[in-house]
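Q: Each chain, written out:
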Amino acid sequence: GEDVEQSLFLSVREGDSSVINCTYTDSSSTYLYWYKQEPGAGLQLLTYIFSNMDMKQDQRLTVLLNKKDKHLSLRIADTQTGDSAIYFCADNSGYSTLTFGKGTMLLVSP
Amino acid sequence: EAGVAQSPRYKIIEKRQSVAFWCNPISGHATLYWYQQILGQGPKLLIQFQNNGVVDDSQLPKDRFSAERLKGVDSTLKIQPAKLEDSAVYLCASSLGGTGSREQFFGPGTRLTVL
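Top to bottom, those sequences are chains Z and H. According to the numbering used here, the stretch in the first sequence is residues 4 to 113, in order. According to the numbering used here, the stretch in the second sequence is residues 1144 to 1258, in order.
Worth flagging that the hints you see were computed from the coordinates, not collected in a lab. Each hint should be verified, as a subset may be incorrect.
Each computed DSS-like pair below joins lysine-lysine, with the alpha-carbon atoms no more than 30 Å apart [claimed, not checked]: (1) Lys1226/H x Lys1187/H; (2) Lys105/Z x Lys1158/H; (3) Lys1221/H x Lys39/Z; (4) Lys1154/H x Lys39/Z; (5) Lys59/Z x Lys105/Z; (6) Lys1187/H x Lys1154/H; (7) Lys105/Z x Lys1221/H; (8) Lys59/Z x Lys1187/H; (9) Lys1158/H x Lys1221/H; (10) Lys59/Z x Lys70/Z; (11) Lys1154/H x Lys1205/H; (12) Lys1187/H x Lys105/Z; (13) Lys1221/H x Lys1187/H; (14) Lys1187/H x Lys71/Z; (15) Lys39/Z x Lys105/Z; (16) Lys105/Z x Lys1226/H; (17) Lys1187/H x Lys1158/H; (18) Lys105/Z x Lys1205/H; (19) Lys1187/H x Lys70/Z; (20) Lys105/Z x Lys71/Z; (21) Lys1187/H x Lys73/Z; (22) Lys1187/H x Lys39/Z; (23) Lys70/Z x Lys105/Z; (24) Lys1187/H x Lys1214/H; (25) Lys105/Z x Lys1154/H.
Since this is a predicted model, take the numbers as computed values, not measurements.
The following block holds chain Z by itself, in its conformation from the complex (with noise of 0.2 Å):
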């Protein structure tokens, strides 16, 4: 079946950047997503991005997609400590269905 993985936990220090890596499994998805989740919340879609494009900027986040090789990155510029939080890579394996990663957990020192 699909599977998609990440690695589980990033440290940076605030103002770094942070690279969040993602591999997928299922060459048919349409739309790949970064979801953000804080402790004792639901997850919040940060961006998605469309198969037939290879980089997305969308203010402090740039997504990069490699569909050759399945990989897709977040990258967050200028690291708050806002930030810190796990992150979840999603890809579209259906209609709508999402098939999610096991999360990356960003932990952002001051």
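Chain Z is fixed; fit chain H onto it per the hints.
A: Relative to chain Z, chain H alone:
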């Protein structure tokens, strides 16, 4: 715009008991999802409704889990009887539905602990 509402926020039960969760999606959203998120994992889809019809329930353990969405608005998810491995956060999400609506909006979840 009000978000997705879920209740209760927390529930503790003993194994073999029954439990029900409630979800009120964003007004006008045709598609409603229930996800199970076990600690340390990403959310896993349990069931997806389009209005009051089931689109996908392939990963719903139907021997103990049931869900309904009467009138195509609110939804309830029930577990009967609960097992220890059902301890998780149950997330409800909704979306407009249709090919143009890619964003799923998530509620805060119900944290279930089965003792």
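Q: With reference to the structure, classify each hint as holding or not holding.
A: Here's how the hints hold up against the structure:
1. Lys1226/H x Lys1187/H: holds (17 Å)
2. Lys105/Z x Lys1158/H: holds (26 Å)
3. Lys1221/H x Lys39/Z: holds (27 Å)
4. Lys1154/H x Lys39/Z: Distance ~24 Å between Lys1154/H and Lys39/Z Cα, so the pair holds.
5. Lys59/Z x Lys105/Z: Distance of about 23 Å is within 30 Å: holds.
6. Lys1187/H x Lys1154/H: Holds, at about 20 Å.
7. Lys105/Z x Lys1221/H: Between Lys105/Z and Lys1221/H the Cα gap is close to 25 Å, so the pair holds against 30 Å.
8. Lys59/Z x Lys1187/H: Within the cut-off at roughly 26 Å; holds.
9. Lys1158/H x Lys1221/H: Measuring from Cα to Cα gives roughly 14 Å; hence the hint holds.
10. Lys59/Z x Lys70/Z: Roughly 14 Å between the alpha carbons, so the hint for Lys59/Z and Lys70/Z holds.
11. Lys1154/H x Lys1205/H: holds (21 Å)
12. Lys1187/H x Lys105/Z: Roughly 10 Å separates the two Cα atoms, so the pair holds.
13. Lys1221/H x Lys1187/H: holds (16 Å)
14. Lys1187/H x Lys71/Z: holds (26 Å)
15. Lys39/Z x Lys105/Z: Holds - the C-alpha atoms of Lys105/Z and Lys39/Z are around 12 Å apart, at most 30 Å.
16. Lys105/Z x Lys1226/H: holds (23 Å)
17. Lys1187/H x Lys1158/H: Between Lys1187/H and Lys1158/H the Cα gap is close to 22 Å, so the pair holds against 30 Å.
18. Lys105/Z x Lys1205/H: holds (24 Å)
19. Lys1187/H x Lys70/Z: Satisfied, since the Cα-Cα distance of roughly 24 Å is no more than 30 Å.
20. Lys105/Z x Lys71/Z: holds (22 Å)
21. Lys1187/H x Lys73/Z: holds (21 Å)
22. Lys1187/H x Lys39/Z: holds (16 Å)
23. Lys70/Z x Lys105/Z: holds (21 Å)
24. Lys1187/H x Lys1214/H: holds (25 Å)
25. Lys105/Z x Lys1154/H: With a Cα-Cα distance of about 24 Å, the restraint between Lys105/Z and Lys1154/H holds, given a limit of 30 Å.
In terms of the numbered hints stated before, the structure departs from none.
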